[in-house]
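Engineer: Line by line, the protein sequences are chains R and H.
Each residue of the first sequence is one higher than the one before, starting from 1 at the first, in this note's numbering.
Each residue of the second sequence is one higher than the one before, starting from 721 at the first, in this note's numbering.
By construction, these hints were calculated from the structure, which means they are not laboratory data.
Some hints here could point you the wrong way.
Covered by chain R, according to a simulated footprint, are these stretches of chain H (three or more residues, beta-carbon under 8 angstroms) [as the list claims (entries may be wrong)]: (1) 744–752; (2) 811–820; (3) 1338–1348; (4) 1384–1394.
Ranges of calculated distance between the beta carbons of each label pair, as one might list FRET restraints [as the list claims (entries may be wrong)]: (5) Ile-1101/H to Tyr-442/R: 45 to 53 angstroms; (6) Asn-704/R to Leu-1370/H: 28 to 36 angstroms; (7) Ala-218/R to Phe-1084/H: 50 to 58 angstroms; (8) Asn-704/R to Glu-792/H: 56 to 64 angstroms; (9) Leu-1370/H to Lys-370/R: 44 to 52 angstroms; (10) Phe-1103/H to Leu-103/R: 19 to 27 angstroms; (11) Ser-649/R to Phe-1084/H: 24 to 32 angstroms; (12) Lys-1387/H to Ala-218/R: 23 to 31 angstroms; (13) Glu-687/R to Ala-920/H: 32 to 40 angstroms; (14) Leu-379/R to Phe-1103/H: 28 to 36 angstroms.
Ideal placement from N, C-alpha and C gives every residue a C-beta, glycine not left out.
2 protein chains.
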Amino acid sequence: MDLTSFVTSLGTYFGIFMGLMIVYAFLSWRGGNNVVYYPNKILKGLEPLEGINKSRNPFIWMKVALVTSETEVIALSGVDTAVYFVFLSTVLSILVLSAVILLPVLLPVAVTDERVVKESLTSHYNQTVVDELQKLTMGNITEKSNRLWAFFVCCYWFSLVALGLLWKACKHVSWLRAEALMDPNVKPEQFAVVVRDIPAVPLGETTTEEYVHSYFEAIYPETYYKCMIVTDNRKANRIWEELEGYKKQLARAETVFQMSKTNAKPEGTRPTIKTGLLGLCGSKVDTIEYYNDRINETVTKLEAEQKITQSKKQQNAALVFFTSRVVAASAAQSLHAQMVDTWSVSPAAEPRQLIWHNLTIKYFERELRKYLVNAVVALTIVFYMVPISFISAFTTLQNLVELAPFIEPVVRIKALRTVLEAYLPQLALIIFFYLLPKLLLYLSKLEGIPTQSQAVRAASGKYFYFPVVNVFLGVTLGGTLYRTFKLIEDNPKSLLSWLVMSLPDNATFFLTYLALKFFVGYGLELSRLVPLILYHFKRKYICKTEAECKEAWAPGDLGYETRVSEDMLIVIIVFCYSVIAPLIIPFGVLYFGLGWLILRNQALNVYVPTFESNGRMWPHIHNRILASLILYQVTMLVYFGLQKFYYASLLIPLPILSFIYGFVCAKKFYPAFERPKLDVAAKSMGEAPDMELIFRSFIPPSLNSEKIDDENFEESISKV
Amino acid sequence: MDLTSFVTSLGTYFGIFMGLMIVYAFLSWRGGNNVVYYPNKILKGLEPLEGINKSRNPFIWMKVALVTSETEVIALSGVDTAVYFVFLSTVLSILVLSAVILLPVLLPVAVTDERVVKESLTSHYNQTVVDELQKLTMGNITEKSNRLWAFFVCCYWFSLVALGLLWKACKHVSWLRAEALMDPNVKPEQFAVVVRDIPAVPLGETTTEEYVHSYFEAIYPETYYKCMIVTDNRKANRIWEELEGYKKQLARAETVFQMSKTNAKPEGTRPTIKTGLLGLCGSKVDTIEYYNDRINETVTKLEAEQKITQSKKQQNAALVFFTSRVVAASAAQSLHAQMVDTWSVSPAAEPRQLIWHNLTIKYFERELRKYLVNAVVALTIVFYMVPISFISAFTTLQNLVELAPFIEPVVRIKALRTVLEAYLPQLALIIFFYLLPKLLLYLSKLEGIPTQSQAVRAASGKYFYFPVVNVFLGVTLGGTLYRTFKLIEDNPKSLLSWLVMSLPDNATFFLTYLALKFFVGYGLELSRLVPLILYHFKRKYICKTEAECKEAWAPGDLGYETRVSEDMLIVIIVFCYSVIAPLIIPFGVLYFGLGWLILRNQALNVYVPTFESNGRMWPHIHNRILASLILYQVTMLVYFGLQKFYYASLLIPLPILSFIYGFVCAKKFYPAFERPKLDVAAKSMGEAPDMELIFRSFIPPSLNSEKIDDENFEESISKV
């Protein structure tokens, strides 16, 4: 790629970005699109355009995003989102603060040396305009030159800035989490613990429920409130879903009926339906009557099933409720039984994020599943490189022909060639990467993880390796191998040295990659063109009732599990190249700056979080930033060595320092993310908690029916 | 060594053992020796010879040791001792149960093959009578022979027996520990927790005490009782020790005075003392008056110092007391503060085993110390082999001369040779191994470990490596290397194969080593000749007062830290040779059988435990037995491979099975040894605990004085 085309593509991306911004400003002003651009605010019952005061300035949303305080973000989108912004802003400030030194110092030092120009005149391959950019990198410094000292000092500066800001972020996030947990408002999950691996009911006790009840009442005579046994409610769930489906159909039929009452035909047309297979055959009946009948029928079935479930289908797990937040917090982290594979207790999570069917998996089965799933993921990481290699092979078909001329006849068949080169492998890769997060979430849930948020974290941890292996290693390795292929032949150095020496070249690729990401990617994110089109299409042709429309614009959540991993890839790239090719830093600043701004707007207006884990994601994020930092330090160590800089070993303290820092953080901060803290739980509550309300909030919807007599229901759930 | 001398030395050892037994029977009947042979019973206030009913049968003690139940052992010597016997009996039953199959099957199979006899006729080195014993080993089996299947099956049998019995032992010890912790008698440590890393007192609070008080009262408003701040009482300790010294001197002077009142001189001679340096110079004064004065003086000083210590020298650690056993158990394992390096809480230990000055060491300093100490120990393990190598070199001086004739002139100087060969290195080694447990205990305490029992466990963990490296690897490696030295020259196989092939030879050495250990070692243990002589000597020439006599026969404790490690060495040896040379099993049975019998007698009658950790040693012991088992399985795998047995790989499931077993045990049983269990703590108490008594039991003796007014004292300790 020559310099002109590089600048051109940057300009194109910027143009697309500006276009998308203007589209966004234009479309978001139209009231009809409010449900696409401000669903979070609408669902929270706020006025969508409040604070934007109808000014015709297309950049007003930027100002709003900038001035919104962290407290407002937490109020509108939760602590998890706020922690995500701490991550973005921490990386951003690391880059800005290091750029202040790195850019004015390193660029002049690099550009005034002349190694590349000299060498390329005598080099094997033709001089390209990539060299123009390469003049700005460490690769342009003559070996053993004293100029390397500038890079050396910057290495230290960058590391120290990063460690300092990470420490500050750790403290801030810990504080955020503590504040959230100290909240005087009642959170049901703070009064409950999950009890798993309940042993078989001994003789003398009749049900699991009584057993759990007597066990916990003996230990907590004063603060034990009630227990809720996890039941096998799959059948009840099925009936309940059926019922909900009928209710929707009924609502739809009624809307259709209402709409048919035109002026010409004021009595309207009652919709009809065929009762046979898929509504295609069978006798025609009145739809409204039909669904009313079905609903009544199903309600009776559901009530019967609920009773059976409550009494006969109790399983070996339970939720136990306490009247005190401190006791619940303390119970959640204490060992209750002599044998650790019985009565294992853990903190409860929000009702909406409990994965009920995982609660009943036994202790050692969970351990086994964890190992099996990790093995499967490891295999996937290793062997998905096989299609990637195929893709590389096909995209450089031309190169392949040069190396092995005998395949030329095959390639000459133009139709075949097009298919091979463009469609098949790309399509496979796109489908693979689209399905990957879902697959990983499914696998993580298979491990027996009890809560949605933990499953998301586990999936995110696994996803992390794919873009890293794919983009970072793939491009670095692939690009380097190809370019140095001929050089190696007559100049056999170690592979590693070739790899690292070509880092500055690859930097150019990453510059374009970053620009694409932040201009086009974030532009599309902001303008929400796809959801907008989908919404308008659905509203016009499919949705009839209010509920159906609401479903059509449901915005989903921020998508932690993939977003953090993709950002982390950028962190690795920017960190590793920061000193070698400092020009990448402004690109990193733009990525994290634009990301912060646009996602803040989206978090405030669009996305609705599906759960709240109070920032438990942080240790996960922090560990990976730290790993990137250590990777950067080791890369620099090797790179300095290859530049024959004799003081390279003076960089060794850096990774050691990072490891010590990581160890201290893991000891000091992480446990507070894993386990509840008693002094936080002991903060006084605003009001005395309504225990019955707390208890009821955990009842799964399929077992919670207002129609069933409350008295009986309570009795059947917990005989206290 | 030929067969005759082997049998002779066995006979000699057995003779010594019988002699010592008769000496024991004879001496223990004499009432004057009761304090040497029955100190534990005397200190417990029991009749020493109760149950032995003066029968003149010299083996009556064996019967008593055999019929004593585990409950009685716990009553007389504590749970820790009972757990030690579970260890001995488990290993014993593994050996007995495997011997039932191994001996009748393997010995005939081995002895009827003729490989050794055939080979040794053509071998490089002369046929010795060691071969007689070697005929009974796996080494006598012809390569690839089908007879190896017998050994193969025995391998499985031994492993399965070991795993089964270990599992049973784990369950039994867990039950023992739970029973001990459920004891309805009040144990002060069950009502207290240790709080370390108390942060600096914030503005607004005056003392650490008030700070701790308000912190814990907020979290446990109903069950918090009081706190005791750890103080810097070094000065008070010094004064208190001085005072105790004076009291002893006074008692001695009074006894001397009493004894001087003979019939001839009924008024007696008042002893005098010189007040100058070491009682050698200065003016002569009346001893009794002098010490009375000093005592009064010191008491005043102590009282003043106690007040200063309580008010001014409060440190950053405390004991916090709760009125409920469950709350204390739960608090001890809960996270209290946001930052984990502040307010770290752990279970309290018995007052007598708290290492007070370690409580105040800060969190990260403890971590750092742990790593430093482990580094030092690792260095010691590696480099103490240097003197061992020297010793090997000198003891085989003759061999050395053969290999390097030029040193012969030096060796010819007889005086020099004797010194070199016999005295210097041996003496160094003996002193080293005598001091080693003390050094390791000192190092473990330097880690910042808060309790004596934990320090002992840590020291024992470290000690384990020394005999293993020394005896097992030293002898196996050393012996093998020397014997195969010439063979290697013209037949270069891998070192490993030579090592393992010579295992049967080394077995002979270990047979003698074991016999020495159990006949002579346990004989000396039983007869207690050294403490007997020391006691009679001291009583005759040194002790004057009752207290001094009591000190002279103080029996000490069982000495866990070295005993378990030394037994573990035998476990490794016997396990590894069990199938290769089954003849070692009877020796192992004798070692653990005699050990069980004699130490049970000693535990019941002699040793007084200095602390009670309710069997927390078990995971430590269990892990090491399991490691021995895995080592045995890997050795067998290699050995079968070298015998060219093609089905050797069928042994691979064994170590995998052992690892899974270890994993399951670590998850299922170990946490109950680390942390208190709530359902155990919730067992009802016999009586309502007297909290003031519990609180007082933790006051260090130097700060606990009856003379100080109780009211004031309480106030100064805890202003509630």
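Engineer: For every hint, state whether the structure bears it out.
Structural biologist: Hints versus structure:
1. 744–752: That given contact is violated, which follows from only 0 residues of the stretch 744–752 of chain H lying within Cβ reach (below 8 angstroms) of chain R.
2. 811–820: violated (count 0)
3. 1338–1348: Three-residue rule not met by the stretch 1338–1348 of chain H, so violated; n is 0.
4. 1384–1394: holds (count 7)
5. Ile-1101/H to Tyr-442/R: 45 to 53 angstroms: Distance hint for Ile-1101/H, Tyr-442/R holds at roughly 48 angstroms.
6. Asn-704/R to Leu-1370/H: 28 to 36 angstroms: Taking Cβ atoms as reference, Asn-704/R and Leu-1370/H lie about 57 angstroms apart, which means the hint is violated.
7. Ala-218/R to Phe-1084/H: 50 to 58 angstroms: For Ala-218/R and Phe-1084/H the Cβ distance comes to about 40 angstroms; the hint is violated.
8. Asn-704/R to Glu-792/H: 56 to 64 angstroms: The hinted range 56 to 64 angstroms holds for Asn-704/R and Glu-792/H, with Cβ atoms some 58 angstroms apart.
9. Leu-1370/H to Lys-370/R: 44 to 52 angstroms: 29 angstroms, violated
10. Phe-1103/H to Leu-103/R: 19 to 27 angstroms: 52 angstroms, violated
11. Ser-649/R to Phe-1084/H: 24 to 32 angstroms: 27 angstroms, holds
12. Lys-1387/H to Ala-218/R: 23 to 31 angstroms: 25 angstroms, holds
13. Glu-687/R to Ala-920/H: 32 to 40 angstroms: 35 angstroms, holds
14. Leu-379/R to Phe-1103/H: 28 to 36 angstroms: The hint (28 to 36 angstroms, Cβ to Cβ) is violated, given that Leu-379/R and Phe-1103/H are roughly 44 angstroms apart.
Of the numbered hints listed earlier, those contradicted by the structure are 1, 2, 3, 6, 7, 9, 10, 14.
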